[in-house]
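Protein chains: 2
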Amino acid sequence: MGDTEFDLDAAVKLLERTPASLTALLEGLPDTLITATEGPDTWSPYDVMGHLIHGERTDWFPRARHILAGESRPFDKFDRTAQFTDSKGKSMTELLAEFASLRRDNIAALREMNLTREDLGRKGLHPELGEVTLEQLLATWVVHDLDHVAQIARVMAKAYTTAVGPWTAYLSILQDRTR
Amino acid sequence: MGDTEFDLDAAVKLLERTPASLTALLEGLPDTLITATEGPDTWSPYDVMGHLIHGERTDWFPRARHILAGESRPFDKFDRTAQFTDSKGKSMTELLAEFASLRRDNIAALREMNLTREDLGRKGLHPELGEVTLEQLLATWVVHDLDHVAQIARVMAKAYTTAVGPWTAYLSILQDRTR
Numbered sequence: 025m026g027d028t029e030f031d032l033d034a035a036v037k038l039l040e041r042t043p044a045s046l047t048a049l050l051e052g053l054p055d056t057l058i059t060a061t062e063g064p065d066t067w068s069p070y071d072v073m074g075h076l077i078h079g080e081r082t083d084w085f086p087r088a089r090h091i092l093a094g095e096s097r098p099f100d101k102f103d104r105t106a107q108f109t110d111s112k113g114k115s116m117t118e119l120l121a122e123f124a125s126l127r128r129d130n131i132a133a134l135r136e137m138n139l140t141r142e143d144l145g146r147k148g149l150h151p152e153l154g155e156v157t158l159e160q161l162l163a164t165w166v167v168h169d170l171d172h173v174a175q176i177a178r179v180m181a182k183a184y185t186t187a188v189g190p191w192t193a194y195l196s197i198l199q200d201r202t203r
Numbered sequence: 025m026g027d028t029e030f031d032l033d034a035a036v037k038l039l040e041r042t043p044a045s046l047t048a049l050l051e052g053l054p055d056t057l058i059t060a061t062e063g064p065d066t067w068s069p070y071d072v073m074g075h076l077i078h079g080e081r082t083d084w085f086p087r088a089r090h091i092l093a094g095e096s097r098p099f100d101k102f103d104r105t106a107q108f109t110d111s112k113g114k115s116m117t118e119l120l121a122e123f124a125s126l127r128r129d130n131i132a133a134l135r136e137m138n139l140t141r142e143d144l145g146r147k148g149l150h151p152e153l154g155e156v157t158l159e160q161l162l163a164t165w166v167v168h169d170l171d172h173v174a175q176i177a178r179v180m181a182k183a184y185t186t187a188v189g190p191w192t193a194y195l196s197i198l199q200d201r202t203r
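Going down the list, the sequences are from chains A and B. Following the numbering used here, the numbering of the first sequence begins with 25 at its first residue and continues without gaps. Following the numbering used here, the numbering of the second sequence begins with 25 at its first residue and continues without gaps.
If we strip away everything but chain A, and leave its shape as in the complex, we get (with noise of 0.2 Å):
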């Protein structure tokens, strides 16, 4: 999918259905499947609702008005270990609930914004990667938001691996990376 043909309309469309997504996927399962991991130092279906909270509040929507103000000095960097934080004492449902709220105000307030093909084209600095379009950061939150509904798969899949027996040999997402 090259620049010039990017679809805005699907990515919104994808964005705004991600929280069904999870939703569907992770409410009201034990906790043995909320919090497995893949070994230490990987995150759990949890650990990564209260990172894409985080990622609400302060990098994807935020970046794109940054960018649309014409902002010169780069992106704030982004704090991947807030959730270790903030979710603290917070259920699965307040998690997906206040996920799907956070993701709802963006793309209304992105919608609201009536981009144009000029705007897709407006460039930002990211603290590291250097100069990025407006474009190329609404397709990473389409890609980032996917990453991270394979990953809750990924992970609470690997809660079977022993469970599966033989079988294992045909799964292939048992044996796939960490993080």
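In short, the hints are calculated from the structure, not lab data. In this text, all values refer to a predicted model and were calculated from it rather than measured experimentally. A portion of the hints provided could be inaccurate.
Copies of the same chain look alike in the list, so a pair counts if it works inside one copy or between any two.
[Stated by the list, open to error] Within a straight-line C-alpha distance of at most 20 Å, the following computed SDA-like cross-link-like pairs (lysine to any residue) qualify: (1) Lys-114 x Asp-55; (2) Lys-37 x Thr-47; (3) Lys-112 x His-78; (4) Lys-147 x Trp-191; (5) Lys-101 x His-150.
Following the hints, position chain B against chain A.
Structure of chain B alone, referenced to chain A:
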């Protein structure tokens, strides 16, 4: 998760909500995403949905019934390419509805079996893997669902490989395996 800890209720919950996860991920997206693949001989989200439908009809639940009926012959082999003929002419919306309906019926029938711990230990003969238990079959059904949820997320993410620009370095899903 050892065999003695297998949580049938959680496994059934996961199986039950897969249609909702997939509908949230896939409904109403443009064909460019629905039919995207990871290259020759890899499956699109559309192909995966047909494969899941064929599994509902001929694989998972029929095999569970086979085990409980005490059949000594091996399970019928599963056709991994059936979807290429079966799905012809169907829209993604139709596939999602068909999968949801078949899964609903299979889970209702599974619940009616009121499986005991003893039932979960009953054995069937896999045509290639040899002896497998009902518990291993059910765990594999769950992992198979999650594997395909992750695959669909990955395939759609890769459709944005060019669009993300320099962010590609941070998005490990874009470098993941292709099937």
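Each hint tested on the structure:
no.	hint	result
1	Lys-114 x Asp-55	within (13 Å within a copy, 39 Å between copies)
2	Lys-37 x Thr-47	both (16 Å within a copy, 13 Å between copies)
3	Lys-112 x His-78	within (13 Å within a copy, 43 Å between copies)
4	Lys-147 x Trp-191	between (49 Å within a copy, 14 Å between copies)
5	Lys-101 x His-150	within (8 Å within a copy, 52 Å between copies)
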